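Chains as they are written, first to last, in our numbering: chain A, 3 to 261; chain B, 404 to 701.
Hint data in this document are derived by calculation from the structure and do not stem from the laboratory. Keep in mind the model is a prediction, meaning the values are calculated, not measured. C-beta: ideal position from N, C-alpha, C; glycine also. Heads up, some of the hints might be wrong.
Stated by the list, open to error - Think about it this way: if two alpha-carbon atoms lie no more than 30 Å apart in a straight line, the pair counts; the simulated DSSO-like pairs of lysine-lysine are:
(1) A:Lys151 to B:Lys486
(2) A:Lys14 to A:Lys215
(3) B:Lys455 to A:Lys24
What the hints assert, rightly or not - Where chain B lies over chain A, by a calculated footprint (3+ residues, C-beta under 8 Å):
(4) 70-80
(5) 94-104
(6) 125-131
(7) 198-207
Stated by the list, open to error - One side only, chain B facing chain A, incomplete, derived with CB under 7 Å:
(8) Ala558
(9) Asn568
(10) Ser574
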Amino acid sequence: MSPVSDVILSVKNLSVHFGGLKAVDDVSFEMSRGEILGLIGPNGAGKTTCFNAISGVYNPTLGDVVLDGRRTNGTPPHGMAALGVGRTFQIVHPFTGLSVRDNVIVPLGGARYRGNFLRSFGSWRDKKIAAEAEKILDTVGLLDQADRKAGLLPIGNLRRLEIARALALRPRLLLLDESFSGLRHAEIAQIEALVRGIRAGGVAVLLIEHNMKVAMTLSDRVVVLDHGRKLAEGLPDDVSSNPDVIEAYLGKGESGRVA
Amino acid sequence: MDYLVNVAIVISIQAIAACGLNVIVGYAGQISLGHAAFFGIGAYASAMLTTKAGLTFWGALPLVLLIAAILGFLLGLPSLRVKEDFLAITTIGINFIVEAVFLYTPFFGKALGIGGIPRIYVFGQRLNNQMLLGLCLFFLALTLLICWRFTRTWAGLSCFAVRENETAASSMGISPVRAKLSAFVIGTVFAGLAGALYAHYVRFISAGDFGFPVSISMMSMVVLGGMGTLWGPLLGAVILGILPEVFRPLIDYRMFLYSLLLLLMIRFQPGGLLGEHSFVRTAFRGLTGKEKGGVAGV
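Produce the entire structure from the sequences given, and follow the hints as far as they go.
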């Protein structure tokens, strides 16, 4: 494990309220560089809301999101992307009319012309950037699909494309929202290997996962949310035997049976 | 002959404006039903600068384009923060407000409009209608070239991304407001250019020339030809420019026919005549036997 001083993300007393609904309520956790942290919990626990607060879609009602020592509350999503936070979506959001390659060129270009108005009128059709996009597509195993329209891809490949686009931002922190859902066994193994590879490059990976087997084998640590609050945090084995966690997932009276 | 030249001038001016609208609607996916306002702003700006400030058409043109760009920016900034149907209504509102300003302020000649707008001179040569047509076609070609070029730029690509999926685009480092605004300003500048040419062609303008129905007919051209295609707006302008001439007796029913055409297009050929799965493209593909892959909807 990395030392504590190597903190990349720190979520401090984060609350996101929608009117009277406390979707996320006073949640705190930290992540180190190169760590895979699983964010798990039953439906409606506030996992995706938490993601949205970290990636700038929502402004925290209370509390802070601190990325690499810098408070990022109120930074819009494109600002967070510029700071090196890449994310995928639970419901995939491909640019359906663009080719798979162009889908990856979009974030590459965002990084290239950011803050330079004149450069944004330069051409995006250059070989260098296409090669860069293809390299990333190769990493996620989509190179043979580069010329297809993104709208034509099956779900497994769309999940890969989501990861490819997030990787194109050269993220420090990668947020994966259910990147394994709807995949076949073989595909799950491939994406698992991919995520491990990304982490090996020093990127911190925060993942929301419903597939417990994946979440528990892939994560270094897990944070469990329930009804917007943090229920538990720790090593996968410790958390999965925690009676509170079992109760949250299975209901009262079941804890004895599972343990 | 002169009649044909006049029809061709009007068509090419409208095509320039429609190409501009296509950048907003087709490339960036932002509906605008107030494009005639910017057409009017260009026309009035050029008319005022040439009749009151004594500039020539060429002296006024850079200022006209600048005015169109600045007003496009100022009116686009608040408008583009709302989406879809709200944006449609906001842009309709802009059209009515701009038209009202022309109609009710003495500075713009109120209901009398502005007359005596000078003809265009090129190298000391006063342009007759044939030459004016040449000039309009030159500007149309320039417009098409810039539109084509725009689809190749990063700014163009970010517009496509925003059109395809705004949420994803913003999570990829693209500021949606900036992308939309750049498309909006480019679109309004072309509308301003078209307006300036129009003012010096008819040489008398009044607020009614730039009303909401004009916006609708521009939108019809874009939808008919194919939103987001390069040649679509031109094709739409040609068809909708020729139809009323051929069917003179039906001129009173023009708005009705446009609306009907829009409905039929949206129902059966939402991509327009040159859109991706349109019967025109399918037929063309059948003829040439080769896949003509449109890139990024171009």
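Checklist line | Enumerated hints in conflict with the structure, sorted upward | finding: 3 and 7
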